[in-house]
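Modelling step: build the complete structure from the supplied sequences, incorporating the hints.
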Amino acid sequence: MTKKITIEPVTRVEGHGKVTIHLDDNGNVVQSRLHIVEFRGFERFVQGRPYWEAPVLVQRLCGICPVSHHLAAAKALDVIVGAGTGDGLTVTGEKMRRLMHYGQTFQSHALHFFHLASPDLLLGIDADPAIRNVIGVIKEFKDLAVQGVMMRKFGQEIIAATAGKKIHGTGAIPGGINKNLSIEERDSFLKGADPMNIDKMIEWAQASVDLFKGYHKDHTDLIDNFAAFPSSHLSLVRKDGALDLYHGVIRAVDSEGKKILHDVDSQDYLKYIGEEVKSWSYMKFPYLLEYGKKDGWYRVGPLARLNTAEFIPSPMAQKEFEIFKAYTNGKPNNMSMHMHWARLIELLHSAEMMKELLNDPDLQKNDLVVKGTKTNEGVGMLEAPRGTLFHHYRINDNDQIEMANLIVSTTSNNEPMNLAVRSVAESYMNGQKEITEPMMNAVEVAIRAYDPCLSCATHALGKMPLEVSLFDSKNLLIDKKRT
Amino acid sequence: MSKPIVATTALASCFGCHMSLLDIDEKILDLVELVEFHKSPIDDIKKFTKQCDIGIIEGGCCNSENVHVLKDFRKNCKILISVGECAIMGGLPALRNGIPIKECIDEAYLNGPTVVESNKEGILPNDDELPMLLDKVYPCHEVVKIDYYLPGCPPRAELIWEALVALLTGNELKLPYEVVKFD
Ligand code: SF4
Numbered sequence: 227m228t229k230k231i232t233i234e235p236v237t238r239v240e241g242h243g244k245v246t247i248h249l250d251d252n253g254n255v256v257q258s259r260l261h262i263v264e265f266r267g268f269e270r271f272v273q274g275r276p277y278w279e280a281p282v283l284v285q286r287l288c289g290i291c292p293v294s295h296h297l298a299a300a301k302a303l304d305v306i307v308g309a310g311t312g313d314g315l316t317v318t319g320e321k322m323r324r325l326m327h328y329g330q331t332f333q334s335h336a337l338h339f340f341h342l343a344s345p346d347l348l349l350g351i352d353a354d355p356a357i358r359n360v361i362g363v364i365k366e367f368k369d370l371a372v373q374g375v376m377m378r379k380f381g382q383e384i385i386a387a388t389a390g391k392k393i394h395g396t397g398a399i400p401g402g403i404n405k406n407l408s409i410e411e412r413d414s415f416l417k418g419a420d421p422m423n424i425d426k427m428i429e430w431a432q433a434s435v436d437l438f439k440g441y442h443k444d445h446t447d448l449i450d451n452f453a454a455f456p457s458s459h460l461s462l463v464r465k466d467g468a469l470d471l472y473h474g475v476i477r478a479v480d481s482e483g484k485k486i487l488h489d490v491d492s493q494d495y496l497k498y499i500g501e502e503v504k505s506w507s508y509m510k511f512p513y514l515l516e517y518g519k520k521d522g523w524y525r526v527g528p529l530a531r532l533n534t535a536e537f538i539p540s541p542m543a544q545k546e547f548e549i550f551k552a553y554t555n556g557k558p559n560n561m562s563m564h565m566h567w568a569r570l571i572e573l574l575h576s577a578e579m580m581k582e583l584l585n586d587p588d589l590q591k592n593d594l595v596v597k598g599t600k601t602n603e604g605v606g607m608l609e610a611p612r613g614t615l616f617h618h619y620r621i622n623d624n625d626q627i628e629m630a631n632l633i634v635s636t637t638s639n640n641e642p643m644n645l646a647v648r649s650v651a652e653s654y655m656n657g658q659k660e661i662t663e664p665m666m667n668a669v670e671v672a673i674r675a676y677d678p679c680l681s682c683a684t685h686a687l688g689k690m691p692l693e694v695s696l697f698d699s700k701n702l703l704i705d706k707k708r709t
Numbered sequence: 308m309s310k311p312i313v314a315t316t317a318l319a320s321c322f323g324c325h326m327s328l329l330d331i332d333e334k335i336l337d338l339v340e341l342v343e344f345h346k347s348p349i350d351d352i353k354k355f356t357k358q359c360d361i362g363i364i365e366g367g368c369c370n371s372e373n374v375h376v377l378k379d380f381r382k383n384c385k386i387l388i389s390v391g392e393c394a395i396m397g398g399l400p401a402l403r404n405g406i407p408i409k410e411c412i413d414e415a416y417l418n419g420p421t422v423v424e425s426n427k428e429g430i431l432p433n434d435d436e437l438p439m440l441l442d443k444v445y446p447c448h449e450v451v452k453i454d455y456y457l458p459g460c461p462p463r464a465e466l467i468w469e470a471l472v473a474l475l476t477g478n479e480l481k482l483p484y485e486v487v488k489f490d
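Residue numbers (my numbering), protein chains in the order written: chain E, 227 to 709; chain W, 308 to 490.
Hints may be right or wrong, so weigh each one.
Using 25 Å as the maximum straight-line C-alpha spacing, the simulated DSS-like pairs for lysine-lysine come out as follows [unchecked claim]:
hint, chain 1, residue 1, chain 2, residue 2
1, E, Lys497, W, Lys427
2, W, Lys334, E, Lys426
3, W, Lys357, E, Lys365
If you are wondering where the hints come from, they were derived from the structure by calculation, not from laboratory data.
Since this is a predicted model, take the numbers as computed values, not measurements.
See below:
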């Protein structure tokens, strides 16, 4: 049965994220749900479009990490045009794309930490909401805010130099890339006037990791116990087990670290992954087929990546990785708030990788595109800032897209975000008759750890509009609050 | 004189236009001195508590909630600006306008390769908590009166900055050909 479609503007509440909580007769939480209320329908409307439009069309699902969609689509089309997967491109093609992707990860992680998470950490989770935002941080911690703004700017400039535009560029094309990096562009990043150069970025990224570690020491209980729960973790890893954000094989580990998906080829993802549909959310629930809908769910994103990878192939981030791993004695880290820690280690890694690439003369070569024998289907995967991203296309003989399937990062975190909300609901709501302010904020903090990008699935800046409704055992609404 | 008050929202959109606003980089520090931000995803204010001078709208209307928010913005802002192609003419989400909505839903939840086996029961999103989808994606000016339009996908950061400065100073904004035709 489909929902009745009408253009009649029904007046409803505002909010892209909505939480409902149901209580039993004793006032204990029996059900909590995070509803995602956005629907686009791109799987259908890209059908019939020429395949080479995919990298520029589909990135317009998300302006926060468009490069991820741009590159995942291009990678799928590499397969379709016969340029192979991952290592099939020319060195310049692959390295330009990698530089674009590390620039993107750098800007997105900086945005997330400074613009979004830092108000809670620096100003306090229970600070007055009127000042607990990025503007508050700008006013109170100007130097730090400037660092955040400039780090994001640096990443965006890298994207502009590799993709042609800061947002919704055109750099990646099927089989390669449409430009290389000029000496002038390279030098502007290597030797730019303070602070806009890569050495400063590495220094600031390291300082961000240190800032978090200091905060963790002072707020151990919050960071370790808030919304923590065991789960499986999934990501791409390089064939030798290294962290690799651009290309790799799919690996998943359970909460104890046992491998449950053994480094499989991304082209075969359909053998391993399915998606469950639930009537109360537009966002689907991916799971590992072998473990079924109930137990097969997993987390993706920075935390998952540091749980699946065996090492980080850049020296400063590797050092921080060892400290991170030692904290859980080498076992997977299941603490939701440690997602911020993992994200900052990746911020540092991205800065180091950008430096390595900028110093690589391959970026000035002119062999940009590979041609091969065309096929009609391809899968493109990479590690977007928020986690594993799947793009899958099939084309017809007229070069039109016939089928498109996408699993965006936030979708894989659907069940984990619901569990995080449930854990907060249980600790704050059991036996309560009304929704308290601390509980509202706690729900947001839990969701925000996942950095949900609910424009593919909410709003990255500040707080997403959130509505929480509380129902008693007879399904009567007893309280409702909006942030 | 008190600072002009600015509110922003993102409807059926990708958030890229807000990101482009952030791409003014260091000028963000000037901007928070020049204007007061009211209801916006970049701060914590979720409800209108006062009349605003400028409302920045990103994205068109694809569901009942977008319509509700847009009307609320019209009521509470003296000037509304449609920023970006989605607000101006529906943008990428409007690609669905030629297609029955049922086909879009079926493809996403019944026929796609990761759901075809996993959703044999044929479950579809259908819940009181989900807003009604509209039959089409509507540009903002078909729903409420819009005062200004800023082209691009997204409009480049400098253009957003110049437009705000022009509005605040009462000067005319220059829109060169390439800004209108490309972005
Ligand atoms: S106009 Fe472009 S950048 Fe702006 S919301 Fe629409 S797709 Fe995103």
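Legend entry - Distance restraint between lysine 357/W and lysine 365/E, which requires alpha-carbon spacing of 25 Å or less: Status holds; Cα separation ~23 Å.
Legend entry - Satisfaction of hint between lysine 426/E and lysine 334/W, Cα-Cα up to 25 Å: Answer holds: lysine 334/W to lysine 426/E is near 20 Å, not above 25 Å.
Inset, instruction - Mind checking the alpha carbons of lysine 497/E and lysine 427/W for me, to see if they're no more than 25 Å apart? - result: holds, 17 Å
Of the numbered hints given earlier, the model fails none.
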